[in-house]
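Quick note, the sequences are listed as chains A and B, same order. So the first sequence is residues 6 to 171, counted in my numbering. So the second sequence is residues 726 to 853, counted in my numbering.
None of these hints come from the bench; they were simulated from the model. It is possible that some hints are incorrect.
What the hints assert, rightly or not - Computed footprint of chain A on chain B; a stretch qualifies when at least three of its residues, placed anywhere within it, have a C-beta under 8 Å from a C-beta of chain A:
1. 742–749
2. 817–830
Unchecked claim - Not close to chain B: a few residues of chain A, all C-beta gaps over 10 Å, as computed:
3. 41
4. 48
5. 77
6. 86
7. 132
8. 133
9. 136
10. 141
11. 145
12. 150
To be verified - Restraint-style ranges between C-beta atoms, simulated for each label pair:
13. 135(A) / 752(B): 58 to 68 Å
14. 777(B) / 160(A): 20 to 30 Å
15. 766(B) / 47(A): 19 to 29 Å
No experiment lies behind these values; they were computed from the predicted model shown. Just so you know, even glycine gets a beta-carbon here, dropped at the ideal spot from N, CA and C.
Here's the letter readout for the chains.
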Amino acid sequence: MRWFWIDRYNEFVRGKHATAVKNVSLAEEHLHDHFPGAALMPNSLVVEGMAQTAGLLVADAIEFNRRVVLAKVAAAEFHFDAVPGDTLVFKAEVLDLKPTGSLCKVTSTVGDRLQGEAELFFAHLEAGDGVPKLFEPHELLRWLDHMHIYDIGKDEAGQPLARPDW
Amino acid sequence: MPSRDEIFDKVKDALVEALGVDEDEVSPGATMVGDLGAESIDFLDIVFRLEKAFGIKIQRGELFPEDVLSSSEFVTNGKVNEAGLKELKARMPFVDLAKFEANPSVQNFPNTLTVEDMVRYVESKLAA
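One chain only, chain A, in its complex shape:
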């Protein structure tokens, strides 16, 4: 089981920007008690969805050869709560990308309303002592397939992304 906070990507341009959606549903058990009788998606989980949208964008750009971890929420602001029935659209943009880390701006909208915005800083850790293996390659690939990255993704030249042979 993985910790999915986006349902799929609708747009994915390698190393540049991506759009993903998250459908908030009362079928998600954690919403039943958050809060009793007034379900709303915690903004901490909205940040996780934002981080997944941007994190995979960054990880793909560095060919998945380092562990991309959310190191810091440099800024975050929310304007209203997401509730069951809402479709959150996360738009991530890579502001800066280096071998050791990256900075991304991500917005969350419901329809044409801005629900939240955040600046996320990712550290790119080299595998080795103190850095655990986060997943097996085939599991990661399955995750990327769930997200439709290789169905809709494009590279910098606008060509379809090649699905890796892991």
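Position chain B relative to chain A; hints supplied.
Then chain B, alone, in the frame of chain A:
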């Protein structure tokens, strides 16, 4: 070459954004860790912002010499030794190490770097 005041203003912007502190907290004498609450990951963030703001390249370890502070060659019984102090001075000429030298315990180092040191550092990179 921008003036010292212009550099300070841009450094201040970078620190306000990276550390979430108020502008008036970023005084020249404020220490990065003690006063502004910078943690190790913040230094990576700050490096990104300074590189972008000034169009400079900052190599790993230039702003925070973790390799010196964790080296048995340069640290004896938890204190930076003579060779270590010499190395720090050579590597970080922009930092005023006088206070640190009085008690060069490794754990005191994070409280040594000030905003003014950061400005001097950027100035030296721009002049290079």
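Of all the hints numbered above, which does this structure not satisfy? Sort the numbers upward.
2, 5 and 13
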